[in-house]
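Now for the letters of each chain:
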Amino acid sequence: MGQTGLVIFKGAEFMKLILCVSSIAIILFSGLYLYQENVTAEWRVHQLDYLKQIDEIDKTGKKHVQNNLQASDLLSFTIELQQIWLPEMNRADRCISCHVAMEDPYFEKFDNPLKAHPKNYLKTHDSEKFGCTICHDGQGRAINFKDAAADDPDVFWNKPLLRKPFIEANCYRCHVDLLDQTPDYNQGKQKFETSGCLGCHKRDGKGGIQGPEFKGIGDASAHIKYPEKLFDPKIMSQFFGNQNLAYIYESVRFPNAQPKETMMFDFKLSNEDARTLTVYLKSLSMHQTGTQRLLQKPSYPLPMTEEGEKTFQLYCTACHGKNGKGGVRNSNYINDYIPKLNTLSDQMFLHKKKNQDAVILLLAEYGDLLQAGSQPAIPGFFKVIAKYMPVKNTIVNGRVAEKKDEKGPAPLNMPVWGKTITEEEVSSVIAYLISIY
Amino acid sequence: MKKSQHRNNNNIFLHIHSDKTHKFSLRWNYTFGLGIMCMGLFFILSLSGLLLMIYYKPDTAKAYFSIKDLMYVIPSGRFVRNIHRWAAHLMVITCFLHMARVFYTSAYKRGREFNWNIGMVLFLLTLGLSFTGYLLPWDQLAYWACTIGVNIAASPTQLTDALGISAVVDIGTQMKHLLLGSDQIGNDALVRFYVLHCMLLPFLLMVFIGVHIWRIRKSRGLARPDWIESKWADGLSENDLVHTIPHTFVREFSIFMFILAITVSLAYFFDAPLKEPANPLVPENPAKAPWYFLGIQELVSYSGFTGGIVIPLMTLFGLSMIPYIDRGKKDFARWFGNGAGVRVTVTSVCYTVICCILLLGLSIGYNWPGIWFGNNRQSLIHFINPGTLLALMFTAWSLFVFHRHHSIRMGVTALFTCFFVGLVILTYFAWGHRGPNWDFYWWPSLWQHH
Amino acid sequence: MNQDISKEIQKKLTRRGFLGFGGAVLIGIASLFTFFLTVLRMLFPSLLPGKSGRFKIGTKDEFLSGIIKYFENEQVYVFADAEGVYAISAVCTHLGCIVKREKNGFVCPCHGSRYDLDGKIKQGAAPKDLPWYKISMLPSGQLEVDKNRIIKPGIKFNV
Numbered sequence: 001m002g003q004t005g006l007v008i009f010k011g012a013e014f015m016k017l018i019l020c021v022s023s024i025a026i027i028l029f030s031g032l033y034l035y036q037e038n039v040t041a042e043w044r045v046h047q048l049d050y051l052k053q054i055d056e057i058d059k060t061g062k063k064h065v066q067n068n069l070q071a072s073d074l075l076s077f078t079i080e081l082q083q084i085w086l087p088e089m090n091r092a093d094r095c096i097s098c099h100v101a102m103e104d105p106y107f108e109k110f111d112n113p114l115k116a117h118p119k120n121y122l123k124t125h126d127s128e129k130f131g132c133t134i135c136h137d138g139q140g141r142a143i144n145f146k147d148a149a150a151d152d153p154d155v156f157w158n159k160p161l162l163r164k165p166f167i168e169a170n171c172y173r174c175h176v177d178l179l180d181q182t183p184d185y186n187q188g189k190q191k192f193e194t195s196g197c198l199g200c201h202k203r204d205g206k207g208g209i210q211g212p213e214f215k216g217i218g219d220a221s222a223h224i225k226y227p228e229k230l231f232d233p234k235i236m237s238q239f240f241g242n243q244n245l246a247y248i249y250e251s252v253r254f255p256n257a258q259p260k261e262t263m264m265f266d267f268k269l270s271n272e273d274a275r276t277l278t279v280y281l282k283s284l285s286m287h288q289t290g291t292q293r294l295l296q297k298p299s300y301p302l303p304m305t306e307e308g309e310k311t312f313q314l315y316c317t318a319c320h321g322k323n324g325k326g327g328v329r330n331s332n333y334i335n336d337y338i339p340k341l342n343t344l345s346d347q348m349f350l351h352k353k354k355n356q357d358a359v360i361l362l363l364a365e366y367g368d369l370l371q372a373g374s375q376p377a378i379p380g381f382f383k384v385i386a387k388y389m390p391v392k393n394t395i396v397n398g399r400v401a402e403k404k405d406e407k408g409p410a411p412l413n414m415p416v417w418g419k420t421i422t423e424e425e426v427s428s429v430i431a432y433l434i435s436i437y
Numbered sequence: 001m002k003k004s005q006h007r008n009n010n011n012i013f014l015h016i017h018s019d020k021t022h023k024f025s026l027r028w029n030y031t032f033g034l035g036i037m038c039m040g041l042f043f044i045l046s047l048s049g050l051l052l053m054i055y056y057k058p059d060t061a062k063a064y065f066s067i068k069d070l071m072y073v074i075p076s077g078r079f080v081r082n083i084h085r086w087a088a089h090l091m092v093i094t095c096f097l098h099m100a101r102v103f104y105t106s107a108y109k110r111g112r113e114f115n116w117n118i119g120m121v122l123f124l125l126t127l128g129l130s131f132t133g134y135l136l137p138w139d140q141l142a143y144w145a146c147t148i149g150v151n152i153a154a155s156p157t158q159l160t161d162a163l164g165i166s167a168v169v170d171i172g173t174q175m176k177h178l179l180l181g182s183d184q185i186g187n188d189a190l191v192r193f194y195v196l197h198c199m200l201l202p203f204l205l206m207v208f209i210g211v212h213i214w215r216i217r218k219s220r221g222l223a224r225p226d227w228i229e230s231k232w233a234d235g236l237s238e239n240d241l242v243h244t245i246p247h248t249f250v251r252e253f254s255i256f257m258f259i260l261a262i263t264v265s266l267a268y269f270f271d272a273p274l275k276e277p278a279n280p281l282v283p284e285n286p287a288k289a290p291w292y293f294l295g296i297q298e299l300v301s302y303s304g305f306t307g308g309i310v311i312p313l314m315t316l317f318g319l320s321m322i323p324y325i326d327r328g329k330k331d332f333a334r335w336f337g338n339g340a341g342v343r344v345t346v347t348s349v350c351y352t353v354i355c356c357i358l359l360l361g362l363s364i365g366y367n368w369p370g371i372w373f374g375n376n377r378q379s380l381i382h383f384i385n386p387g388t389l390l391a392l393m394f395t396a397w398s399l400f401v402f403h404r405h406h407s408i409r410m411g412v413t414a415l416f417t418c419f420f421v422g423l424v425i426l427t428y429f430a431w432g433h434r435g436p437n438w439d440f441y442w443w444p445s446l447w448q449h450h
Numbered sequence: 001m002n003q004d005i006s007k008e009i010q011k012k013l014t015r016r017g018f019l020g021f022g023g024a025v026l027i028g029i030a031s032l033f034t035f036f037l038t039v040l041r042m043l044f045p046s047l048l049p050g051k052s053g054r055f056k057i058g059t060k061d062e063f064l065s066g067i068i069k070y071f072e073n074e075q076v077y078v079f080a081d082a083e084g085v086y087a088i089s090a091v092c093t094h095l096g097c098i099v100k101r102e103k104n105g106f107v108c109p110c111h112g113s114r115y116d117l118d119g120k121i122k123q124g125a126a127p128k129d130l131p132w133y134k135i136s137m138l139p140s141g142q143l144e145v146d147k148n149r150i151i152k153p154g155i156k157f158n159v
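Protein chains in written order, with this note's numbering: chain A, 1 to 437; chain B, 1 to 450; chain C, 1 to 159.
For reference, chain A alone in the conformation it holds in the complex (with noise of 0.2 Å):
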């Protein structure tokens, strides 16, 4: 019958054993866990430090920088977690956690997180009304450093933090016009207006087919059609390892990288120039702040050979070449090279300069040089038409490139241009090519 008990106690020595062990480890991890998210949070960490440093203000008896103020008279703090509470925008930034210095201006010298706010942008935009992640990007909601700024591969966020320039480009969330304060921007977006970018791409639905879209560029979900691995690392490590950043500064730099097989010229941009590139086309994203866009300034109409000028630069530069000089191959066409259009006036049979002028003002007037009717002051003004109409119908309809060598690919053709851009801009083109002769 001992025997019996004995069993008993064997199964039991070990049950005892298990539930001992298993009480101590229940124990020590909540109470590790406790201590890890009370004791050692890192916003705690930095709002200590905060108040030690306002200490240190009182105890050097340093007045506060603007009222004359001790620091201790001005603050009623306790050590909590902070937030901005953004309904509309879905967010609630909890960047102010760490960065309890943001509005003190008694902190612009000292390193972040404990850093004050620089320039005076808090001043116009209200911290409160905007919070900080529309224009900083990163991860709002987070309260340590690592996840807000979401720069590992392994924080799933799609919008880590955006640093100088780049952060310029949020700044057209909800500005129109251009700003003073993004010289990047503004440089990338001159360059991308002057170099015909759409003459192959898309932007708000205007543009070339040849290539993709422009739309959403700006958001992260472009950086899933290319594996992290496949991205250089020295590229990598400019942006911070911000994927979407990489990616278009790689595609805008290296065509040629991926993929192999692009169709896209390869400009031979400097470092400088990609950058800026870069900082335009991050802000072509899908999601502007509609409801907080501003009116863009109006603007006025331009002469006719100026705006013919801008139109050419935005869609054309790229395969005819700056002012339309040509230089671009174009392979398996019948001439090799895509044809220049700087000779213009020459073929429309428009040697003096007063004829130029001339045809110029019949085309601001009256659009189409067809409806000018006879033109007795414009010698063998009927060989200009002669010349003209070919001349628009290549621009409107396009035109299949003849390939030089049957078997071989299909050269680049010129693009239907008619459902892209106005009447009135083909004429600006026109008369702009006629007057760079």
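Everything hinted at is true.
Result set (DSSO-like, lysine-lysine): computed pairs, CA atoms no more than 27 Å apart in a straight line:
id, chain 1, residue 1, chain 2, residue 2
1, A, K129, C, K69
2, C, K56, A, K115
3, B, K275, A, K215
4, A, K123, C, K69
5, A, K52, C, K134
6, A, K115, C, K60
7, C, K134, A, K129
8, B, K57, A, K129
9, A, K146, B, K275
10, A, K52, C, K56
11, A, K146, B, K62
12, C, K156, A, K123
13, B, K62, A, K215
14, C, K60, A, K123
15, C, K60, A, K119
16, C, K56, A, K109
17, C, K56, A, K119
18, A, K123, C, K51
19, A, K129, C, K56
20, C, K60, A, K129
21, A, K123, C, K134
22, A, K215, A, K189
23, A, K129, B, K62
24, C, K60, A, K109
By construction, these hints were calculated from the structure, which means they are not laboratory data.
Remember, predicted model here, so these are calculated numbers, not experimental data.
Using the hints provided, position chains B and C relative to the given structure of chain A.
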């Protein structure tokens, strides 16, 4: 029994349990406490789930961010969410192991047949709870896993299409509408899954747990072998009963604390995953179902209909029929019954491993179905694929074993073992060796993932 | 005889068993207690959702004597006089309607409660005076009203 030896039955513990327990049932290496672990995990999940419900918001615009808030600013939110996640995974595992334990100890006989099927229902409810909960975070992982699950459920449409009767009877689409409330996974789906996960399924689970335990009491406690004086039962007699309180109570308490400790430790070290917010325009690649469905997903990758509907349903049907097929009265409540049971199990394991490696290797190496069915015979692929072939091979083996040992029990053991181990292997394979586009990879680190 | 022996063994088992397990069970209960405490604190949020109750009202220079400003989103009146700047809640203490400021006090349009210029209840169903909120100066020089801090009426902010 003299009156003084009766405990009062005034507490709930002694209503769920008998006043006395047989010492045999208290051996930890008989049941390994798996049933208690399942139930303990259910308590943990209920408590953590209730706390999470206070903050979780079942709306597509808010769900993801409410989970972010739980992880960052709600006191102990991260801890409780992790507990919930790991307890859910553990519950599926312990449920599987509990079923295997009951099978291998033949504890489904002698009046316990019905309870085996109650257990099957509990198993399905557990999987349902896990699946419905998986969608709630509304991140990329959740959205695309749900897409796969729902497409598996809707795959009868493949059959009705092939038969040309979809205009009249379209079970697949009806199933989809039932689950999603729509054709796409959106807000309606989220709310339905929320209702299922938090109200209907837990309620059903509690009801069936009640029945399950009541059946144990009706059968006078856990299964015990006839020959309790045999060497295996360590010389215990039929009357070796002890008071439930304290003996059963402390053991059950210890098991519960054990599984709680495992859950808490896992919750401390590993965060429950949360990827980017759900984006219907950007599929995860590879889009994988929750791990307990990966085996089925592998089968589905061969054929949606046979892999997703036929084989699972037949497996479930077979499992529920086991107690009625194997009517032998021997080997009750003993691990592997007699020595032959061990041999059959071990050889079945080896057989399964070999078959799986063979078929998986052949299909990967020879690029199934490309070369096997060069001229693209759709319907043939449904019937001849690694999944169906494995099922046939297992059935053939079990028939062979049945014949050889002249024992239904042995045959059933072989069949159960083959399917169980086969599922484990396929699950592992789909987890570790399937990468983007469901291509074969030797290891996940070789994927080029973002 | 057998029964008696078995009874004794049963008893021994029970007492010994209980004492042997007792310590472990106590530790178990203690750990369960710790666990519940850790987990149930979820019920008490530390960072409350919604607006923080603190809002900026402008710089000191914007509040020269005689200025009255009403902040609609926060439902707070801010006054400036010779003694300083002070903020009074515009929410009637009766049932929560917004009071209107008149020449000699505040009037509630819902049930006619009247308060004097300092928010003290003069007549009507309102049970309490209109609370005064603490004003402090932020390091940037801006003034801030904190609706979470109620102060004694009469205390005005002055620099």
